[in-house]
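K.L.:
One-letter residues, chain by chain:
Number of protein chains: 2
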Amino acid sequence: MTDRIEADYLIETAEDPARAAEVMAGEQSSGTFVSVPGEDNEGVRLARAVVERLEIVGDAERPSSPGATPGRPVLARATLSWPLSNLGPSLPNLLATVAGNLFELRAFSGLKLLDLRLPRAFGDANPGPAFGVDGTRRLTGVTEGPLVGTIIKPSVGLSPEETADLVRTLAEAGIDFIKDDELQADGPHCPFEDRVRAVQRVIRDHADRTGKRVMFAFNLTGEVDEMRRRHDLVEAEGGTLVMASMHSVGLTGMLALRRHARLPIHAHRNGWGMFGRHPNHGVSYVAWSKLWRLAGADHLHVNGIANKFCESDESSVASARSLLTPLWPDLPMLAMPVFSSGQTIRQAGPTWEALGSDDLIHAAGGGILAHPKGPRAGVESFREAWAAAKAGEPVEARATRSSVLADALGAYK
Amino acid sequence: MTDRIEADYLIETAEDPARAAEVMAGEQSSGTFVSVPGEDNEGVRLARAVVERLEIVGDAERPSSPGATPGRPVLARATLSWPLSNLGPSLPNLLATVAGNLFELRAFSGLKLLDLRLPRAFGDANPGPAFGVDGTRRLTGVTEGPLVGTIIKPSVGLSPEETADLVRTLAEAGIDFIKDDELQADGPHCPFEDRVRAVQRVIRDHADRTGKRVMFAFNLTGEVDEMRRRHDLVEAEGGTLVMASMHSVGLTGMLALRRHARLPIHAHRNGWGMFGRHPNHGVSYVAWSKLWRLAGADHLHVNGIANKFCESDESSVASARSLLTPLWPDLPMLAMPVFSSGQTIRQAGPTWEALGSDDLIHAAGGGILAHPKGPRAGVESFREAWAAAKAGEPVEARATRSSVLADALGAYK
Numbered sequence: 001m002t003d004r005i006e007a008d009y010l011i012e013t014a015e016d017p018a019r020a021a022e023v024m025a026g027e028q029s030s031g032t033f034v035s036v037p038g039e040d041n042e043g044v045r046l047a048r049a050v051v052e053r054l055e056i057v058g059d060a061e062r063p064s065s066p067g068a069t070p071g072r073p074v075l076a077r078a079t080l081s082w083p084l085s086n087l088g089p090s091l092p093n094l095l096a097t098v099a100g101n102l103f104e105l106r107a108f109s110g111l112k113l114l115d116l117r118l119p120r121a122f123g124d125a126n127p128g129p130a131f132g133v134d135g136t137r138r139l140t141g142v143t144e145g146p147l148v149g150t151i152i153k154p155s156v157g158l159s160p161e162e163t164a165d166l167v168r169t170l171a172e173a174g175i176d177f178i179k180d181d182e183l184q185a186d187g188p189h190c191p192f193e194d195r196v197r198a199v200q201r202v203i204r205d206h207a208d209r210t211g212k213r214v215m216f217a218f219n220l221t222g223e224v225d226e227m228r229r230r231h232d233l234v235e236a237e238g239g240t241l242v243m244a245s246m247h248s249v250g251l252t253g254m255l256a257l258r259r260h261a262r263l264p265i266h267a268h269r270n271g272w273g274m275f276g277r278h279p280n281h282g283v284s285y286v287a288w289s290k291l292w293r294l295a296g297a298d299h300l301h302v303n304g305i306a307n308k309f310c311e312s313d314e315s316s317v318a319s320a321r322s323l324l325t326p327l328w329p330d331l332p333m334l335a336m337p338v339f340s341s342g343q344t345i346r347q348a349g350p351t352w353e354a355l356g357s358d359d360l361i362h363a364a365g366g367g368i369l370a371h372p373k374g375p376r377a378g379v380e381s382f383r384e385a386w387a388a389a390k391a392g393e394p395v396e397a398r399a400t401r402s403s404v405l406a407d408a409l410g411a412y413k
Numbered sequence: 414m415t416d417r418i419e420a421d422y423l424i425e426t427a428e429d430p431a432r433a434a435e436v437m438a439g440e441q442s443s444g445t446f447v448s449v450p451g452e453d454n455e456g457v458r459l460a461r462a463v464v465e466r467l468e469i470v471g472d473a474e475r476p477s478s479p480g481a482t483p484g485r486p487v488l489a490r491a492t493l494s495w496p497l498s499n500l501g502p503s504l505p506n507l508l509a510t511v512a513g514n515l516f517e518l519r520a521f522s523g524l525k526l527l528d529l530r531l532p533r534a535f536g537d538a539n540p541g542p543a544f545g546v547d548g549t550r551r552l553t554g555v556t557e558g559p560l561v562g563t564i565i566k567p568s569v570g571l572s573p574e575e576t577a578d579l580v581r582t583l584a585e586a587g588i589d590f591i592k593d594d595e596l597q598a599d600g601p602h603c604p605f606e607d608r609v610r611a612v613q614r615v616i617r618d619h620a621d622r623t624g625k626r627v628m629f630a631f632n633l634t635g636e637v638d639e640m641r642r643r644h645d646l647v648e649a650e651g652g653t654l655v656m657a658s659m660h661s662v663g664l665t666g667m668l669a670l671r672r673h674a675r676l677p678i679h680a681h682r683n684g685w686g687m688f689g690r691h692p693n694h695g696v697s698y699v700a701w702s703k704l705w706r707l708a709g710a711d712h713l714h715v716n717g718i719a720n721k722f723c724e725s726d727e728s729s730v731a732s733a734r735s736l737l738t739p740l741w742p743d744l745p746m747l748a749m750p751v752f753s754s755g756q757t758i759r760q761a762g763p764t765w766e767a768l769g770s771d772d773l774i775h776a777a778g779g780g781i782l783a784h785p786k787g788p789r790a791g792v793e794s795f796r797e798a799w800a801a802a803k804a805g806e807p808v809e810a811r812a813t814r815s816s817v818l819a820d821a822l823g824a825y826k
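Residue numbers (the working numbering), protein chains in the order written: chain X, 1 to 413; chain U, 414 to 826.
Chain X on its own, in the form it takes in the complex (with noise of 0.2 Å):
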């Protein structure tokens, strides 16, 4: 146990790897450019950030970004620590001193934070997530095999009432999730609260007659108060889940909805291409959604297998990986990870295959609703592949005994 924050970053510099290291050690504790009165003080030497390894891995071709020290640039590997007495446990501080400003130093064509251990006081000091995989699985009464669920579509233009009816057709198909698209939250066309009772009315009539509870994640992104409503409304109504856009709302926005929920929070991550997705600028998912686990996030994104996005393969298996391994031994705070984008039963095996876990939601938009029989054949095909999967079946075997799954087959090449 330590109570140094430790990060990892892959850097790229045409200066000395080593003394652009310690450049950055400066610029996130103590350092400014000329000396001042107080550098001498012990506080002050104790408040210094240290170069715990720095490895050179590789050279890059040329600066990812202008600006920089001129040169041919190399990639090094650096792990940085910090004493947790200069910020405590505080996640919105600690954003400020990993990933502050020293992604416009000098010394740097790129910079990506790769991973972060913190110490144990973060883990006693912000809330993490309240439901998680058992808790996801409790109030969806799904006890194995994936989540398998969707996403309203068209993303907006829908009323409430056609909203609704949609979601009746996919409670009919057997689905166990419906998500909100991220650009639907508040509109006028389709107001929250319209939906979320048109929506709930459906689905309680639903889990009535069928003793199945659909789980809606409502997007209830927005203001503080607004957010705080919006989820007793949900409540109110007999909702189970409610969504936010992560980088809409702040560490500080999602912290205060967590301090207020009870239920579980659906992380939305849009905007994600922004901070990760080059591979020597930014910020990895794997040290990103460390921090939005402990804010409070119960599922968050992690694209899927053969996206349509420009993400790898190996990227989103090393993100879902990340949010099913413990944050410390005795306090895990495990998120579910959410595969969508371009889903379809031919990503249920690789998934399966990479991941070696089936705590996920699987959500498929077209996947689902295209199935050439409709969307209860769609739902039923997932499982079947899902089942393939984890028994070691190839797809195609199964599908000769599984009429919706050789539909689906022939429909998603």
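Watch out, some of these pointers could steer you wrong.
Unchecked claim - Here are the in silico distance ranges between beta carbons for each label pair: (1) U:Glu-606 <-> X:Ala-130: 24 to 32 Å; (2) X:Glu-161 <-> U:Pro-742: 39 to 47 Å; (3) U:Arg-458 <-> X:Glu-55: 37 to 45 Å; (4) U:Arg-458 <-> X:Asp-208: 29 to 37 Å; (5) X:Lys-212 <-> U:Pro-540: 43 to 51 Å.
To be verified - Stretches of chain X that chain U covers, calculated by requiring three or more beta carbons in the stretch to come under 8 Å of a beta carbon on chain U: (6) 204-216; (7) 285-299; (8) 317-330.
Since the hints were derived computationally from the structure, they do not count as laboratory data. In this text the structure is predicted, and so the values were computed from the model without any measurement. Note that CB positions come from ideal geometry on N, CA and C, so glycine has one too.
Assemble chain U onto chain X, guided by the hints.
P.N.:
Just chain U now, with coordinates in the frame of chain X:
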């Protein structure tokens, strides 16, 4: 007056740029990768984003990020618009629409949000800065010229009493403005409450003796309840400003602070390099700062001319100009630009020439504290340099009759 949201982007694509812009419009409004029932719906049709303008502006030498459709990309400027009715005038939800999933689209090897034009409804629904330039001048009594300021350095490691001692020195030197470093918030070595009490005791004493009240930006970054409590303490102790790290608190956190605050808010942009450093990726500060002005930031950092980071002067100046340009003619919501980072008396003239305004905070660390005749001469030399700039007089000419300026010119090359 329009009820559509407009956003300008720089796109880097190896696909047909017109098609790529349409993909973006679809993704950010009502698209999915296979057609689904409901897409012929009238509401959905009206919700669709429109590509208003597209202009090819050049070639990119190579893709800025991996994972995109292969080929040599062109650069184009694209303007998209959305009906306000998709989301309403909500800042957190605006972010998901104009800066959401589009950074990950395969069509683009680079994408940067350059500017935003918002319906007036955003001005009604959001608080904007409560103080801005005029309120800041009123609270400090600085009726002309920039506020001459500095940052507590070393950034972390000083105790509350040591911080207050430095504030005493600076107040006696005649400074207008002092800020916490963004790394200093509420760590156990320098707790927020103790720091506020110690510093404000010095500031009140100084004001009682001289009539001059130094404005101190106390970094209250934290959870919502913490920020509210800290704000109230600063107010009770006679403080006139609070500071928050914008990327740490998020738009939702900033709005929560602003809705509560009776003091102006100094918004710190640490981490900005991740968002805006790359010319073809992320968000320009011109676009970004509009969101934070609407959320209530009174002061916004813009780096400085010849700064120690890698931002160009052109970019810093464009940011500052934007902050001093009205959002709407009848609702300007101006924020005060904060110039900082490696600033000395040598940047006064170029800053005045570039901006044509002194409605700004000019903050220097070593540039004031390391003046060879001490901090009082440091502050005085800044005022002299600005007086010369406004009079159109070369700083060297003025130095012939100002010894503090002559000393500064000798010290800061």
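K.L.:
Each hint needs a verdict: does it hold in this structure or not?
P.N.:
Taking the hints in turn, this is what the structure says about them:
no. : hint                                : verdict
1   : U:Glu-606 <-> X:Ala-130: 24 to 32 Å : holds (30 Å)
2   : X:Glu-161 <-> U:Pro-742: 39 to 47 Å : holds (40 Å)
3   : U:Arg-458 <-> X:Glu-55: 37 to 45 Å  : violated (55 Å)
4   : U:Arg-458 <-> X:Asp-208: 29 to 37 Å : holds (35 Å)
5   : X:Lys-212 <-> U:Pro-540: 43 to 51 Å : holds (44 Å)
6   : 204-216                             : violated (count 0)
7   : 285-299                             : violated (count 0)
8   : 317-330                             : violated (count 0)
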